[in-house]
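Undergrad: Each chain, written out:
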Amino acid sequence: GAVVSQHPSRVICKSGTSVKIECRSLDFQATTMFWYRQFPKQSLMLMATSNEGSKATYEQGVEKDKFLINHASLTLSTLTVTSAHPEDSSFYICSAPDRDSNQPQHFGDGTRLSIL
Amino acid sequence: GNSVTQMEGPVTLSEEAFLTINCTYTATGYPSLFWYVQYPGEGLQLLLKATKADDKGSNKGFEATYRKETTSFHLEKGSVQVSDSAVYFCALLTSYDKVIFGPGTSLSVIP
Numbered sequence: 010g011a012v013v014s015q016h017p018s019r020v021i022c023k024s025g026t027s028v029k030i031e032c033r034s035l036d037f038q039a040t041t042m043f044w045y046r047q048f049p050k051q052s053l054m055l056m057a058t059s060n061e062g063s064k065a066t067y068e069q070g071v072e073k074d075k076f077l078i079n080h081a082s083l084t085l086s087t088l089t090v091t092s093a094h095p096e097d098s099s100f101y102i103c104s105a106p107d108r109d110s111n112q113p114q115h116f117g118d119g120t121r122l123s124i125l
Numbered sequence: 081g082n083s084v085t086q087m088e089g090p091v092t093l094s095e096e097a098f099l100t101i102n103c104t105y106t107a108t109g110y111p112s113l114f115w116y117v118q119y120p121g122e123g124l125q126l127l128l129k130a131t132k133a134d135d136k137g138s139n140k141g142f143e144a145t146y147r148k149e150t151t152s153f154h155l156e157k158g159s160v161q162v163s164d165s166a167v168y169f170c171a172l173l174t175s176y177d178k179v180i181f182g183p184g185t186s187l188s189v190i191p
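Here the protein sequences come in this chain order: L and S.
Under the working numbering, the first residue of the first sequence is numbered 10, with each subsequent residue one higher.
Under the working numbering, the first residue of the second sequence is numbered 81, with each subsequent residue one higher.
Because the hints were derived from the structure by calculation, they are not lab data.
Fair warning: this is a prediction, and the values are worked out from it, not measured in the lab.
Note that the Cβ used here is the ideal one computed from N, Cα and C, for glycine as well.
Do not take every clue at face value.
[Claimed, not checked] On the chain S side, residues computed to face chain L include the following (Cβ under 8 Å):
(1) 110
(2) 123
(3) 124
(4) 126
(5) 128
(6) 175
(7) 179
(8) 181
(9) 182
Construct the complete structure from the given sequences, taking the supplied hints into account.
TA: Structure (structure tokens):
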């Protein structure tokens with residue numbers, strides 16, 4: 010079964026709305042989680058590293074105030090797209106490393122965000 | 081820095097044809113290497129991996145060998161099926177647990 014749960018799987022909302030996406034690690038603790046963004050027919054681009062109990066680390070070119078990340082517990086990270094606009098429409102995927110696993114990271118199933 | 085380069089797609093093959101998708105990487109040290117597959121409308125699935133030089137990862141008929149001398153990790157399959165149609169991503173794991181993805185290669189297999 011899934012070891013990283015991402016919710017919601019799909020969001021459609023109006024321009025100007027803020028949207029929160031949750032990423033939960035199941036059965037293991039994740040002090041670090043990663044958020045990726047994928048445009049249609051393109052690769053996954055790392056947006057930021059979410060750190061439990063401290064500030065997220067953002068990749069170059071990613072707006073911190075637009076994409077708020079909170080990692081309040083060892084099993085939950087949230088990404089909030091603030092005042093979303095159509096250009097923020099994308100597929101967002103989270104992941105969490107699990108050193109006890111044979112996979113480098115467990116990926117969520119992704120959230121398809123559509124801003125009208 | 082760390083980066084992954086893949087052959088440009090899309091790739092279209094007939095069923096039972098031989099598949100090769102080239103992947104090369106640039107990295108500090110010797111990272112673990114991976115191939116992920118993304119089926120239409122779905123998330124990522126780990127297809128195979130190799131953690132050190134000369135390791136061969138294999139799964140579902142797919143294979144890839146970690147070649148340190150050529151910094152490559154090419155994906156191969158001897159006989160593709162329609163169900164293999166997907167986007168394939170080559171990736172490496174950095175020392176900071178970050179996964180760096182290649183641009184992806186779209187594969188379409190026609191009957």
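Undergrad: For each hint, tell me whether it holds in the structure or not.
TA: Results of checking the hints against the structure:
1. 110: violated, 14 Å
2. 123: holds, 4 Å
3. 124: Holds: closest Cβ of chain L sits about 5 Å from residue 124/S, inside 8 Å.
4. 126: holds, 5 Å
5. 128: Hint on residue 128/S: violated, closest Cβ of chain L at ~11 Å, above 8 Å.
6. 175: violated, 12 Å
7. 179: Because about 6 Å separates residue 179/S from the closest Cβ in chain L, which is inside the 8 Å limit, the hint holds.
8. 181: At 5 Å from the nearest chain L Cβ, residue 181/S passes the 8 Å test, so the hint holds.
9. 182: holds, 6 Å
The structure shown violates the earlier hints numbered 1, 5 and 6.
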